[in-house]
Amino acid sequence: MKPAERMKIDRQPMTEQDASARAKNFREVNQGYADEAATQEALRCLKCKDAKCVNGCPVGIDIAGFVGAVADGDLNKAANILLAANVLPGITGRVCPQETQCEQYCVRGKKGVSVGIGYLERFVADWARENREDLFEPPPPTGKKVAVVGSGPAGLTCAGELSKMGHAVTIFEALHKAGGVLVYGIPEFRLPNHIVEAEVDGLRRRGVDIVTDVVIGQTYTIPELLEEEGFHAVFVGNGAGLPVFQGIPGENLKGVYSANEFLTRVNLMGGYMFDAGETDTPIIRASQAVVVGGGNTAMDSVRTAKRLGANPATLIYRRSREEMPARVEEIKHAEEEGVIFRLLNNPIEILGDDKGWVRAVRCIKMELGEPDDSGRRRPVPVEGSEFELPCQVFIEAIGTGANPLLTQTTPGLEVNRWGNIIVDENNMTSIPGVFAGGDIVRGGATVILAMGDGKGSSVAMHEYLMNGK
Amino acid sequence: MFPIRKAVWLAPKVRLIEVEAQRVAKHHQPGHFVIIRVRDPGERIPLTMATSDAQAGTITLVVQVVGATTEMLCDLEAGESILNVVGPLGKPTEIEDFGHAVLVGGGVGTAVIYPQAEALKKVGNTVSAIIGGRTKEYVIFEKELAEHCDVVHPCTDDGSYGYNGFVTGKLQELLEDESQKIGAVITAGPVPMMRAIAKVTKPFNVRTIVSLNPIMVDGTGMCGGCRVSVGGETKFACVDGPEFEAQDVDFDELVDRLATYQTQEKIAWDRLHKCQDCSKS
Ligand SMILES: Cc1cc2nc3c(=O)[nH]c(=O)nc-3n(C[C@H](O)[C@H](O)[C@H](O)COP(=O)(O)OP(=O)(O)OC[C@H]3O[C@@H](n4cnc5c(N)ncnc54)[C@H](O)[C@@H]3O)c2cc1C
Ligand SMILES: Cc1cc2nc3c(=O)[nH]c(=O)nc-3n(C[C@H](O)[C@H](O)[C@H](O)COP(=O)(O)OP(=O)(O)OC[C@H]3O[C@@H](n4cnc5c(N)ncnc54)[C@H](O)[C@@H]3O)c2cc1C
Ligand code: SF4
Ligand code: SF4
Ligand code: FES
Numbered sequence: 015m016k017p018a019e020r021m022k023i024d025r026q027p028m029t030e031q032d033a034s035a036r037a038k039n040f041r042e043v044n045q046g047y048a049d050e051a052a053t054q055e056a057l058r059c060l061k062c063k064d065a066k067c068v069n070g071c072p073v074g075i076d077i078a079g080f081v082g083a084v085a086d087g088d089l090n091k092a093a094n095i096l097l098a099a100n101v102l103p104g105i106t107g108r109v110c111p112q113e114t115q116c117e118q119y120c121v122r123g124k125k126g127v128s129v130g131i132g133y134l135e136r137f138v139a140d141w142a143r144e145n146r147e148d149l150f151e152p153p154p155p156t157g158k159k160v161a162v163v164g165s166g167p168a169g170l171t172c173a174g175e176l177s178k179m180g181h182a183v184t185i186f187e188a189l190h191k192a193g194g195v196l197v198y199g200i201p202e203f204r205l206p207n208h209i210v211e212a213e214v215d216g217l218r219r220r221g222v223d224i225v226t227d228v229v230i231g232q233t234y235t236i237p238e239l240l241e242e243e244g245f246h247a248v249f250v251g252n253g254a255g256l257p258v259f260q261g262i263p264g265e266n267l268k269g270v271y272s273a274n275e276f277l278t279r280v281n282l283m284g285g286y287m288f289d290a291g292e293t294d295t296p297i298i299r300a301s302q303a304v305v306v307g308g309g310n311t312a313m314d315s316v317r318t319a320k321r322l323g324a325n326p327a328t329l330i331y332r333r334s335r336e337e338m339p340a341r342v343e344e345i346k347h348a349e350e351e352g353v354i355f356r357l358l359n360n361p362i363e364i365l366g367d368d369k370g371w372v373r374a375v376r377c378i379k380m381e382l383g384e385p386d387d388s389g390r391r392r393p394v395p396v397e398g399s400e401f402e403l404p405c406q407v408f409i410e411a412i413g414t415g416a417n418p419l420l421t422q423t424t425p426g427l428e429v430n431r432w433g434n435i436i437v438d439e440n441n442m443t444s445i446p447g448v449f450a451g452g453d454i455v456r457g458g459a460t461v462i463l464a465m466g467d468g469k470g471s472s473v474a475m476h477e478y479l480m481n482g483k
Numbered sequence: 075m076f077p078i079r080k081a082v083w084l085a086p087k088v089r090l091i092e093v094e095a096q097r098v099a100k101h102h103q104p105g106h107f108v109i110i111r112v113r114d115p116g117e118r119i120p121l122t123m124a125t126s127d128a129q130a131g132t133i134t135l136v137v138q139v140v141g142a143t144t145e146m147l148c149d150l151e152a153g154e155s156i157l158n159v160v161g162p163l164g165k166p167t168e169i170e171d172f173g174h175a176v177l178v179g180g181g182v183g184t185a186v187i188y189p190q191a192e193a194l195k196k197v198g199n200t201v202s203a204i205i206g207g208r209t210k211e212y213v214i215f216e217k218e219l220a221e222h223c224d225v226v227h228p229c230t231d232d233g234s235y236g237y238n239g240f241v242t243g244k245l246q247e248l249l250e251d252e253s254q255k256i257g258a259v260i261t262a263g264p265v266p267m268m269r270a271i272a273k274v275t276k277p278f279n280v281r282t283i284v285s286l287n288p289i290m291v292d293g294t295g296m297c298g299g300c301r302v303s304v305g306g307e308t309k310f311a312c313v314d315g316p317e318f319e320a321q322d323v324d325f326d327e328l329v330d331r332l333a334t335y336q337t338q339e340k341i342a343w344d345r346l347h348k349c350q351d352c353s354k355s
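Line by line, the protein sequences give chains A and B.
With the working numbering as the guide, the letters of the first sequence map in order to residues 15 to 483.
With the working numbering as the guide, the letters of the second sequence map in order to residues 75 to 355.
Misleading hints may appear alongside valid ones.
Keeping only pairs whose Cα atoms sit at most 35 Å apart, straight-line, the calculated DSBU-like set for lysine-lysine is [what the hints assert, rightly or not]:
id : chain 1 : residue 1 : chain 2 : residue 2
1  : B       : LYS348    : A       : LYS38
2  : B       : LYS100    : A       : LYS178
3  : A       : LYS38     : B       : LYS340
4  : A       : LYS125    : A       : LYS61
5  : B       : LYS273    : B       : LYS196
6  : A       : LYS178    : A       : LYS66
7  : B       : LYS196    : A       : LYS369
Chain A is faced by these chain B residues, among others (derived, beta-carbon under 8 Å) [as the list claims (entries may be wrong)]:
id : residue
8  : GLY116
9  : CYS297
10 : GLY298
11 : ARG301
Where chain A lies over chain B, by a calculated footprint (3+ residues, C-beta under 8 Å) [what the hints assert, rightly or not]:
id : region
12 : 88 to 102
13 : 159 to 168
14 : 326 to 340
To be clear, the hints were calculated from the coordinates, so they are not data collected in a lab.
Computed from a predicted model, the values in this text were never measured in an experiment.
The beta carbon of each residue, even a glycine, is placed where N, CA and C say it ideally should be.
Assemble the whole structure, with the sequences as input and the hints as a guide.
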């Protein structure tokens, strides 16, 4: 097909559950491409010689290669190309912020709409999961034992890569289920738990030992893993799971949640099925809910509250829409589902009734002033503009910090002033043989960056294990 | 899976469960707790370890049936298993030589003070225990405590055994007796009891430590659900505690927050009993 013909094809829309229906259920919003749509979308790619899209992908997937294989109908080949660079494509295809990564650099985006790289990635990954056996030749064992702390994307990727090299890998996970934010944070309507489970099962089949219910820092310390439990190296991927509260009055009223607690109750513990009698974990269903924040976590929380019956489910954000860090698609989906956005507003106090339940949140209007350190215009309160928003559930989704449980029990492990672990260019920490990556190093970042760290670390760890460097 | 080695009733609705949990047992110190999940799907609930045996790889829990999950747990027999046990969690009790340490246990809190008694004795304290129950049959762990304590004062609300009245009454007596020279009061039990104890010790200016039991989810500082106000600051009981200076604790807030899911807890309880009835018939 000639480029001119390719240019004539419009971007293929994603099939979605109807907005009013999906606002009441937890099934996945995006339904995936049909075969025909995938082929059409793949044909839009111009197979650029100097493909810029790859520069936008933190793991450098050969995008033109896999998309071209989809266009040729060779899904097996597409899957091989994809999996060579990215072990969790079914996950990144769903949750990568494509608009600021690969798709931002796609030439077709310059004059029109970029190729739907994320949608195609998901298409190929789902096909592979359903149609291919994960053929796996066990590599010759190296005799080296590695412990991986945390089973989020950083830990899973690192473990997968190390096992391919023949090292014996054990993942220690604090919760009862593996997957990190992918299972406790990101809701099922964006990333169904069974997709993560399939990836985790794949690792198990490759011989990675996944031990849940172990909190490193409590059950074992890192020095113990190295000195008593026989591990030759450790990768720390324990995430940035410390909820940040704003510190405003009323935060301990009943009905105030951190996004972490709210989402964990709903996703990990299945709290949304409590009323149906299928789980034992309660969650408060509010008729009016307010969420503060502007990132993916805030968007996930407000859409979850909506699905639990809140009307309105309102999102307050102190800056304007342009500054919202959430994925563009999530903002769009939230709006379609009827979430109310109150931009340029900030909560200053949570108000309770005489029984200790939240009844409203007091907010103040903001306006954008001079740019701050981040280059974004700093929001400043407008005097005298306070108002009350009634709600029975209030969720704080303003970010997370580094959880000190592990770092405090590891003597000699250097952290910065925010508690994030400091690593060198090989992702090695101040302790020889202990590597780290993902959110615990970067602060809250993205799934693909965590995976990139896991992969990068695995290479450096292999070098360390085999050559002592 | 964590196999149960032994499960016996200590008192009505109070069960001792010894379970295999090698890794936890190896690192257990007084004051530590675990979070368990009986089955899947299932709620995660925190329980303090009464004892552990690192050699045998077992830990001992003393559980009171108060709702659906504790009931399911207490229905299990030796030979059956608990799906998840994670720990040890929380900060261990600060063990130091207070001179004379008085431990006060109410209900299953009596099991919580047991490892503390042992550790406090080891570092040279004179150790007294005041343990309470509604009636004689609710007084637990008396014999075990006696192994490590200089004196054990059982108390019953109805006077059927030991001191006639609440543990606070007995504690007041000891505090008033200057020859006792009490250096610290350490207590675990129902919140109203711990609050009452804080009130009793306050005028005596005796260091008082309480073991708080807010609702928890992960137990690793990730969710913030277990937050309590201590000395005007928000603390996460699972990682900053569960033990805190009694005089600094906002008990009203704790009691209030514990009632968050009252309605749902009742639903879960009714559901469990309805199912048990229908499976019987
Ligand atoms: C609600 C939400 C939505 C998000 N949406 C997106 C999105 O759409 N796209 C995107 O790219 N990114 C998104 N992110 C960010 C992304 O999920 C994270 O950047 C990523 O998961 C970080 O991976 P990680 O492996 O470093 O840590 P995590 O995923 O946080 O995993 C860490 C794991 O370590 C475990 N752990 C912690 N401490 C210990 C310990 N001491 N011992 C043993 N185990 C421990 C934890 O239980 C957890 O399972 C979102 C984040 C949240 C919270
Ligand atoms: C650090 C700590 C140590 C504890 N140690 C013991 C112990 O050794 N023995 C013992 O019998 N009990 C102990 N508890 C209390 C025990 O966790 C609760 O009784 C149990 O969670 C109730 O669950 P349920 O489903 O049976 O009852 P529910 O019907 O859920 O609730 C009944 C009561 O338990 C409280 N509760 C419910 N869920 C939780 C939760 N996830 N965390 C804490 N409290 C909750 C509720 O506020 C309510 O008052 C401890 C609690 C904490 C926080
Ligand atoms: S991994 Fe993410 S950035 Fe890379 S190609 Fe896939 S969707 Fe784009
Ligand atoms: S930049 Fe766009 S059109 Fe060019 S190869 Fe990449 S995806 Fe295809
Ligand atoms: S139980 Fe979640 S932070 Fe304490």
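We went through each hint and held it up to the structure:
1. Between LYS348(B) and LYS38(A) the alpha-carbon distance is near 28 Å, which keeps this suggested pair within the 35 Å criterion.
2. As the CA atoms of LYS100(B) and LYS178(A) are separated by approximately 33 Å, the hinted pair is consistent with the 35 Å bound.
3. Annotation: proposed proximity of LYS38(A) to LYS340(B) holds, straight-line Cα distance about 25 Å (limit 35 Å).
4. Only pairs whose Cα atoms come within 35 Å are accepted, and LYS125(A) paired with LYS61(A) is accepted, the gap being roughly 16 Å.
5. A hinted pair counts as satisfied when its Cα atoms are at most 35 Å apart, and LYS273(B) with LYS196(B) qualifies at roughly 29 Å.
6. Restraint check for LYS178(A) and LYS66(A): satisfied, since their Cα atoms lie roughly 30 Å apart, inside the 35 Å limit.
7. Among the hinted pairs, LYS196(B) with LYS369(A) is inconsistent with the structure: their alpha-carbon atoms are about 46 Å apart, more than 35 Å.
8. Because the smallest distance between the Cβ of GLY116(B) and any Cβ of chain A comes to about 6 Å, under 8 Å, the interface hint for this residue holds.
9. Taking 8 Å as the C-beta contact cut-off toward chain A, the hint placing CYS297(B) at the interface holds, the least distance being around 4 Å.
10. Contact between GLY298(B) and chain A, as hinted, is supported at the beta carbon level, the nearest pair being about 4 Å apart and thus within 8 Å.
11. Hint on ARG301(B) holds. Least Cβ distance to chain A is approximately 6 Å, under the 8 Å limit.
12. With 3 residues bearing a CB less than 8 Å from a CB of chain A, the region 88 to 102 of chain B meets the requirement of three and the coverage assertion stands.
13. Here's how the region 159 to 168 of chain B fares: 5 of its residues keep a CB closer than 8 Å to some CB of chain A, so the rule of at least three is met and the hint holds.
14. Check result for the region 326 to 340 of chain B against chain A: holds, 8 residues qualifying (beta carbon to beta carbon below 8 Å, three or more required).
Hint 7 from the earlier list is the only one contradicted by this structure; the remaining hints agree with it.
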